[in-house]
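Respectively, the protein sequence lines represent chains V and F. Heads up, the first sequence is in the numbering used here, so the first residue is 1 and it goes up one at a time. Heads up, the second sequence is in the numbering used here, so the first residue is 1001 and it goes up one at a time.
Mixed in with the good hints, there may be bad ones.
Some residues of chain V that are not near chain F, with every Cβ distance over 10 Å (derived) [what the hints assert, rightly or not]:
#, residue
1, Asp57
2, Gly77
3, Leu87
4, Ala116
5, Ala202
6, Asp206
7, Thr221
8, Ala297
On the chain F side, residues computed to face chain V include the following (Cβ under 10 Å) [to be verified]:
#, residue
9, Trp1008
10, Pro1014
11, Ala1016
12, Asp1017
13, Asp1023
14, Ala1024
15, Ser1118
16, Val1139
17, Phe1170
18, Thr1173
19, Asp1253
No lab work stands behind these hints: they were computed from the structure. Quick caveat, the model's predicted, so the values are computed rather than measured. All residues carry an ideal CB built from backbone N, CA and C; glycine is no exception.
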Amino acid sequence: MKRMYVSAVAAAAVLALSACGSDSDGDAAPTATDDGVTGSESGNVPSVIATTTIWADVTREVACDGLAEVDTIIPAGGDPHSFEPSLRDREALGDAALVVANGLGLEESLEDTIDAVEAEGVTIVRVGESIDPLPADASGDDDDQKGDDDHEDTGDDGDGGHDDHGSEDPHIWFDPTRVAATLPVIADGLAAAGVDRSALDACVTDYSERLERLDAELQDTVATLPIERRLLITNHDSLSYFADRYDFEVVGSVIPSPSSLAATNPGDLEELATLIADTGVPAIFAETQHSSDDTDALAARVGDVEVVTLQTGTLGEPDSGTADYVDWMTVTTQTIVDALS
Amino acid sequence: MEFLTDPWTWWIAPFADNAFMRDALVAALLTVLTTSVVGTWVVLRGMSFLGDALAHGVLPGIAIAFIIGVDTSIGALLAAGAMVAGIAAIRRHSPLPEDTSIGVLFVGFLALAVVIMSTQQASYVGDLNRFLFGSITGVDDADLARQAIAAAIAVVGVIVLYRALLVMTFDVTLAQMLGLRPGLTQAALLVLVAISIVASFQSVGNLLVFAFLVAPPAAASLVARRVPMIMVVSVAFGTTAAVIGILISYHHDSATSATMALCSVVLFFIVLTLVAVRRSVSGRGRFTASTTRPEPTHTA
């Protein structure tokens, strides 16, 4: 009698629980991944997943004219550092012919899953590992801030004297020449996934030229800004490659880590406030995908400084004007230059 | 209503078609088995707060192990041990009630973990996040093996400790008279709690493992009386919650570990409601505090 009762309760519970779940049947938002995977299965081109919108766009250019169906896991506007994959994302990754990831620790919460997919035999291209990365603390901001007090190691390249913890700065897409350097690696991955090599080579040549032009355009944009005004204060250490390429100096960060998951403290903020006052930097660059509370508070305290929001790790939505890498890089650079002019 | 109209597609196909779904299911079921047998005692002995505290108290151990590069499970177990020793020390040297000593160390250990990680400015803290919420999409064979070992230890441990735990749960004096060493038994149980928490990092993460440590055994204790039966029903409830949680997460793209944890809590309330309705129908009225525990006469 009691057992029957127990199993009746269990059965009722199962029904009630699954009823909760099915309520949302209709309004489950279709993701890019869903569309992409079904789309590619009906066509004859390999299905490729890139972790971020930026690498998805670059991969699409390498596979120009639809040589591969490319989708992203981390949606436009998402933070690649903290993105947690769902089971559907896991399924899409497992079904992909090729996965293009940034690597260098960018996809912090996705790494386990990418490793598991790789163990299953899916080819993973980690583009960051194919270029010459900057160390994670390349901006040297921490030392520069302290340097105001003790006058040691005020070097702006910050390469010497730092013990990096084996980490490298993952934000490589802020330098179009480094992005251009990843194209052959992505093409190799696509060729291994069955895309015609000569077609890929033509795409790579075209897009390399486009990126070269972009770089020249950005040099022109930046040239309007005198070198002494090229000082960057950022929310988290994400602009080192941009600084490296276009002769800026990252003088400080609200969160002095390439990881957006780290936190700040009052001492560092105080040093940063002093630094902003001393250098007269007119803008702090925050990021759309993170809270800028600390940055806003800092700006309010310093007074004469503007908080400018950048999309640092993601392209915009379609039709936003920043939906492809070239446009996004152009807009971002222009925003930075305008804010500092 | 796809789960009724097309049961194959909703219930079975996700597991039949995907190896990673089967891995996720195995990981979740091993978590359920481990947490149910241990959690039953956590619930019966009124140690829920301590269980919650331990789930977070392992974090500084994980953080330190992560930084110096040793196995995080070892760090977690050492931190759990330190926390239990600290709670015992506070109790011995003060008149404070146990929940106060647990609370102080709970928040202390949690804060310590965050402080330790915040000093690691140039490295990544994403891995700590992974411990908090788990990454059931990334389970590999080594994770499953570790969970299987933990489940085996938990089951064997609970069988070995069964008599001592049973007697001391309902009569500490009798336990002492029988020479059952309640202190040692309690310590052994805490080790099992720590093992079940540590082993569940990968599947549900240690912020949410507590849901499985408490909700299914609590629901089971409402409908079953004998301790082994509570464990069996708890495994059944936990399995139900985990399977439905994984499937909802799969079909509706929700966070997997949180969906499973939520299902186990929803299941608890469904069981509670049904039990309450049944009791009021049969005219036995509301529970009093003393009737939530099984009576010794039924269990011994």
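Status of each hint after checking the structure:
no.: 1; hint: Asp57; result: holds, 23 Å
no.: 2; hint: Gly77; result: holds, 16 Å
no.: 3; hint: Leu87; result: violated, 4 Å
no.: 4; hint: Ala116; result: violated, 5 Å
no.: 5; hint: Ala202; result: holds, 36 Å
no.: 6; hint: Asp206; result: holds, 36 Å
no.: 7; hint: Thr221; result: holds, 31 Å
no.: 8; hint: Ala297; result: holds, 18 Å
no.: 9; hint: Trp1008; result: violated, 14 Å
no.: 10; hint: Pro1014; result: holds, 8 Å
no.: 11; hint: Ala1016; result: violated, 13 Å
no.: 12; hint: Asp1017; result: holds, 8 Å
no.: 13; hint: Asp1023; result: holds, 8 Å
no.: 14; hint: Ala1024; result: holds, 7 Å
no.: 15; hint: Ser1118; result: holds, 5 Å
no.: 16; hint: Val1139; result: holds, 7 Å
no.: 17; hint: Phe1170; result: violated, 21 Å
no.: 18; hint: Thr1173; result: violated, 31 Å
no.: 19; hint: Asp1253; result: holds, 5 Å
Comparing the model with each earlier hint shows violations of hints 3, 4, 9, 11, 17, 18; every other hint is respected.
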